[in-house]
Amino acid sequence: MHLIVKVERKRVKRDRKEVVVVDDDDDRCKRSRSSSESSDDGDTKHTSTRTLSFEGVATLRVYLPPFRVSRILKDVEADRSSVEYQRLSWDALRKSINGLVNKVNATNIKNIIPELFAENLVRGRGLFCRACIKSQMASPGFTDVFAALVAVVNTKFPQVGYLLLRRLILQLKRAYKRNDKPQLLAAVKFVAHLVNQQVLHELVALELLTLLLDKPTDDSVEVAVGFVTECGSILQDLCSRGLHAIFERFRGILHEGEIGKRVQFLIEGVFVIRKARFQGYPAVRKELDLVEQDDRLTHEISLQEEELDPENALDVFKTDAEAVANEECYEQLKRQYLVTSLKMKQIQLQAWEMRMTKTLILKRTRSR
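All residue numbers for the sequence shown refer to our numbering, where the first residue is 31 and numbers rise by one.
Hint data in this document are derived by calculation from the structure and do not stem from the laboratory.
We treat Cβ as the ideally placed atom computed from N, Cα and C, and that holds for glycine.
Be a bit skeptical, because a hint or two may be false.
As the list claims (entries may be wrong) - Derived lysine to aspartate or glutamate pairs resembling EDC-like cross-links, with alpha carbons at most 16 angstroms apart:
(1) Lys140 x Glu252
(2) Lys207 x Asp249
(3) Lys245 x Asp267
(4) Lys211 x Asp248
(5) Lys245 x Glu286
(6) Lys291 x Glu252
(7) Lys211 x Glu145
(8) Lys348 x Glu114
(9) Lys186 x Glu322
(10) Lys348 x Asp121
(11) Lys207 x Glu232
(12) Lys207 x Glu336
What the hints assert, rightly or not - Label pairs and their computed distance ranges (CB to CB):
(13) Asn132 x Asp319: 18 to 26 angstroms
(14) Asp319 x Ser112: 41 to 49 angstroms
(15) Asp244 x Asp324: 31 to 39 angstroms
(16) Asp324 x Leu363: 14 to 22 angstroms
(17) Pro170 x Leu200: 44 to 52 angstroms
(18) Phe301 x Asp350: 51 to 59 angstroms
(19) Lys164 x Lys393: 48 to 56 angstroms
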């Protein structure tokens with residue numbers, strides 16, 4: 031016996047707008063609809079008017095066309111200290127920083143840096159550090175580019191560079207304890223290029239190599255060989271004795287013969303690279319050497335430090351009672367950076383003109 035149930039379908043007419051109420055406690059979206067009923071030819075029509083709230087835009091629960099976002103921004107910009115405006119500006123800051131970090135490379139880094147400084151890096155320092163670490167793990171081949179970007183930001187905002195180093199050291203220690211080789215390789219490579227850019231002190235590199243070679247295994251020795259290949263050039267210039275001690279440890283591991291043949295060949299290869307004085311493995315490429323020696327700021331962080339605060343709360347939106355004043359302060363810092371950058375460009379242009387005039391004078395004297 032079959033039970034047949036008839037369902038009467040009613041015509042529903044809906045507008046494109048929607049009210050979204052965001053509950054921050056359980057992080058869920060609830061939709062409230064206002065409906066009005068009207069009868070026409072015996073059919074019942076339900077009409078609902080839906081309007082998107084500011085919280086719904088800020089938390090990106092739904093997609094909105096740009097023109098609707100601009101309308102909402104016009105309504106909110108009247109009060110820059112309101113929570114709605116701070117949410118929208120935070121979301122725009124996050125999207126902008128992620129986009130700039132994701133598209134940076136060796137050719138456009140000089141164009142990306144002014145755009146990056148145009149954003150509020152003091153407020154978004156947690157977002158910047160997270161974007162750099164995630165992008166570097168996803169694309170280890172661009173590690174030197176991300177290190178150059180961090181080096182430039184570190185000259186103007188040392189607290190941003192110090193925060194990134196703390197998070198990177200914690201990630202490295204976590205990967206080492208978990209025996210997570212891919213994550214450890216990425217973190218070690220980032221540390222090597224930050225040492226090359228002199229954002230991180232070279233003693234941290236020697237401390238890391240000592241840790242990797244203390245109880246040698248195939249994986250730890252392989253990671254150490256890759257690390258020495260990346261930053262051996264600058265270690266040879268800054269602390270040649272420490273590098274010599276590391277290579278003596280490599281030699282002892284070879285004589286012990288407790289590691290595999292493949293890793294032994296890797297050690298012999300790094301000895302060949304050292305004999306050639308790391309030719310083909312420069313510390314910094316010319317197009318990524320963007321910081322003058324006098325402007326470099328080097329941080330010292332020990333791997334033995336246990337109280338390293340990653341400040342993960344900086345990655346999450348929080349209301350700021352002095353948001354307008356902080357934005358004005360950053361605007362002043364941005365103007366100072368633009369003025370100094372213009373002066374540096376003028377000085378470089380004058381130096382280039384002097385070199386060109388000297389070469390022309392030399393050519394004329396030789397022709398005579």
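Quick rundown of the hints versus the structure:
| no. | hint | in the structure |
| --- | --- | --- |
| 1 | Lys140 x Glu252 | violated, 34 angstroms |
| 2 | Lys207 x Asp249 | holds, 13 angstroms |
| 3 | Lys245 x Asp267 | violated, 27 angstroms |
| 4 | Lys211 x Asp248 | holds, 11 angstroms |
| 5 | Lys245 x Glu286 | holds, 12 angstroms |
| 6 | Lys291 x Glu252 | holds, 12 angstroms |
| 7 | Lys211 x Glu145 | violated, 35 angstroms |
| 8 | Lys348 x Glu114 | holds, 11 angstroms |
| 9 | Lys186 x Glu322 | holds, 13 angstroms |
| 10 | Lys348 x Asp121 | holds, 12 angstroms |
| 11 | Lys207 x Glu232 | violated, 23 angstroms |
| 12 | Lys207 x Glu336 | holds, 14 angstroms |
| 13 | Asn132 x Asp319: 18 to 26 angstroms | holds, 23 angstroms |
| 14 | Asp319 x Ser112: 41 to 49 angstroms | holds, 44 angstroms |
| 15 | Asp244 x Asp324: 31 to 39 angstroms | holds, 37 angstroms |
| 16 | Asp324 x Leu363: 14 to 22 angstroms | holds, 20 angstroms |
| 17 | Pro170 x Leu200: 44 to 52 angstroms | violated, 19 angstroms |
| 18 | Phe301 x Asp350: 51 to 59 angstroms | holds, 55 angstroms |
| 19 | Lys164 x Lys393: 48 to 56 angstroms | holds, 52 angstroms |
Of the hints listed earlier, those the structure fails to meet are numbers 1, 3, 7, 11 and 17, in rising order.
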